[in-house]
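Take the sequences, apply the hints, and build the full model.
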Amino acid sequence: MENPQKNSPLVRDLTRAFSHYNKHNLFLKKNHKETLAFFREFRQNHSNTCSSSSSTSGGLDTDQLSCISLLRHEEDYLQNVFGSAPYILILGQDCSSRYQLLNCLLGERLLPLGSEVGGACGPEGGACRRRKLCFTHGRQTRLSLALPGQYELVHQLAAHCGRWDTVPREDLEIQECEDPAQRLAELEITLHHPLLQEVKIMVVPCCGVQPVEEALEDCKRAILPIILYAVSKDALSDEQVSDLQKVREALPFPVCFVRIPGGPSDPASPEPSRGALYRHLQSLELVGAAAGNCACGAPAQTPGRMQSVVAESLERLQRVLVPFARQLLQSQQVEAATLLNAVHCRWLDLFINQAFDMQRDLQITPRRLEYTREKEGELFSSLMAIANRKQEEMKEMIVETLSSMKEQLLEDAANLQFTGVLSLFI
1 MENPQKNSPL VRDLTRAFSH YNKHNLFLKK NHKETLAFFR EFRQNHSNTC
51 SSSSSTSGGL DTDQLSCISL LRHEEDYLQN VFGSAPYILI LGQDCSSRYQ
101 LLNCLLGERL LPLGSEVGGA CGPEGGACRR RKLCFTHGRQ TRLSLALPGQ
151 YELVHQLAAH CGRWDTVPRE DLEIQECEDP AQRLAELEIT LHHPLLQEVK
201 IMVVPCCGVQ PVEEALEDCK RAILPIILYA VSKDALSDEQ VSDLQKVREA
251 LPFPVCFVRI PGGPSDPASP EPSRGALYRH LQSLELVGAA AGNCACGAPA
301 QTPGRMQSVV AESLERLQRV LVPFARQLLQ SQQVEAATLL NAVHCRWLDL
351 FINQAFDMQR DLQITPRRLE YTREKEGELF SSLMAIANRK QEEMKEMIVE
401 TLSSMKEQLL EDAANLQFTG VLSLFI
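When we follow our numbering, the leftmost residue of the sequence shown carries the number 1, and every step to the right adds one.
Incorrect hints may appear among the rest.
[What the hints assert, rightly or not] Calculated lysine-lysine pairs in the DSBU-like style (CA-CA distance at most 30 Å, straight line):
hint, residue 1, residue 2
1, Lys220, Lys246
2, Lys132, Lys220
3, Lys220, Lys233
4, Lys29, Lys220
5, Lys23, Lys233
[What the hints assert, rightly or not] Restraint-style ranges between C-beta atoms, simulated for each label pair:
hint, residue 1, residue 2, range
6, Arg279, Thr141, 16 to 24 Å
7, Met384, Phe39, 55 to 63 Å
8, Leu284, Ile352, 26 to 34 Å
9, Gly114, Glu34, 32 to 40 Å
10, Ile352, Thr141, 24 to 32 Å
11, Gln197, Asp76, 27 to 35 Å
12, Pro180, Phe42, 52 to 60 Å
13, Leu284, Gly114, 49 to 57 Å
These are calculated hints, taken from the structure and not from any lab test. The structure presented is a predicted model; accordingly, all values stated were derived computationally and were not measured. We treat Cβ as the ideally placed atom computed from N, Cα and C, and that holds for glycine.
Now the structure itself:
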C-alpha cells in the first residue's frame, strides 16, 4: 500500500516544479536543435548560390555570416544548461538533521532518526562514519554500493537479508574492515517515488568522512543543484561556515537553509526563536537583506541574482522551498531562452535588412535603367549632330580646296610653252 505522505503538498508541488522544468527543457532543446539545423541549411544554400553565381554582389560579408551561427560561448552555455539535470543536494550540521530533512522531502521515514541513527556527529559524538547517500528512481526498492564512476560493487548489505522500512544503520555506516574501494563507495538507494522520477537527491556526508569539495566534485558537471542546508542549532561553527564557503565556491548557487527542530529524545533543546537563525546567517553574509514576503508567504526575491533563503521550521518548508526551487529552475531556463531569442533577433535583423535592400533595389533599378536610356539617347543625338556638322565642314573644305586648285592649274597650263614635236608640223 502506498504511503499517503508521498502525496503530501510538499512532494506534490516539488514534483510539479521539477516536471515543468524537465518538460520545458525538452522544448528548449528542440528549439536549439531546429535553430542549428536552420543555420546549417541556410549557410549551405548561401554557399551553393555564391559558388554557382558569377556575381557576388548579393552575397553576405563575414560579419553578416557570423549572425547566422551561435558564438562559441553561447553554444557552450546552452549545452551546459540543456545537459544539466536537476539534483537536490542536502547538507547540514549533522547527519541527524540531514536525515530528518530527507525524510521530510520524501514524505516517509526512510532514514533512521534519533537513537536509531547512532551517536551524534562532530565534537559531541566523535568521528562520523556514515556514507554519502544517493537516491534515484526505480520500479523496485533496492540498496547497493556504487563508486562515483557508477560502478556497482558486489557487497552483501543488511537490507538484503530481510524486509525493512527504514534503511538499516549498518548499511549507512562504513565498517572498519572494509577495503578502500568500499569505504569510498556511496550508498545508492533506488525507490519508486514520484519526486525521484523528476530529480535525484544526494545527502552529503560529514567532512570527516569525505571533504565537501570531494563530495561535490561530481556535481560540477551536467547538474543543476538545489542546495539545502539543514540547521539544527541557532549558530554555525567556524568549520561549518568554512565548508559553506567551499560549497559556494564549487557551486555558485543560492542555498535554502532549513531549521530542523531538536529530536524528541532531547527534551532540553529549547524552542528556536523565530528569526534568530536568519539574523545569524545574515551576520555571516550567507543570506542577503530581507526583501519582504510575497502573497504566498515565501521570501520575495530582489531583481537580479537569486538570494539564499531561510525556512525557520519544517512547517514553513513548503512555502519557502517550493518557490525557491521553482525560481531557481525558471531562472536557468529564462536565461537560456533569452540567449536563444537574442540569436533569433540577430538573424531577423539581418533578414529584415536584406529584405529592405532588395526592395530598394527593386524600386531604384528601373529608374536607373530609364535614366541610363535617356542619357544614352541624348549622347547618341549629340554624337550624330556633331558627325553631321563635321561631315558638312569637310565637304565644304574639299570643294573649296578643289576650286582653288582648279584655277591654279588652269593658270599654270596657260603659261606653259610647247616645244619639240609641235614645231615639226609648222
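Taking the hints in turn, this is what the structure says about them:
no. : hint                          : result
1   : Lys220 <-> Lys246             : holds, 13 Å
2   : Lys132 <-> Lys220             : holds, 17 Å
3   : Lys220 <-> Lys233             : holds, 29 Å
4   : Lys29 <-> Lys220              : holds, 21 Å
5   : Lys23 <-> Lys233              : violated, 38 Å
6   : Arg279 <-> Thr141: 16 to 24 Å : violated, 42 Å
7   : Met384 <-> Phe39: 55 to 63 Å  : holds, 57 Å
8   : Leu284 <-> Ile352: 26 to 34 Å : violated, 52 Å
9   : Gly114 <-> Glu34: 32 to 40 Å  : violated, 54 Å
10  : Ile352 <-> Thr141: 24 to 32 Å : violated, 58 Å
11  : Gln197 <-> Asp76: 27 to 35 Å  : holds, 29 Å
12  : Pro180 <-> Phe42: 52 to 60 Å  : holds, 56 Å
13  : Leu284 <-> Gly114: 49 to 57 Å : violated, 29 Å
When each numbered hint is compared with the structure, violations occur for hints 5, 6, 8, 9, 10 and 13.
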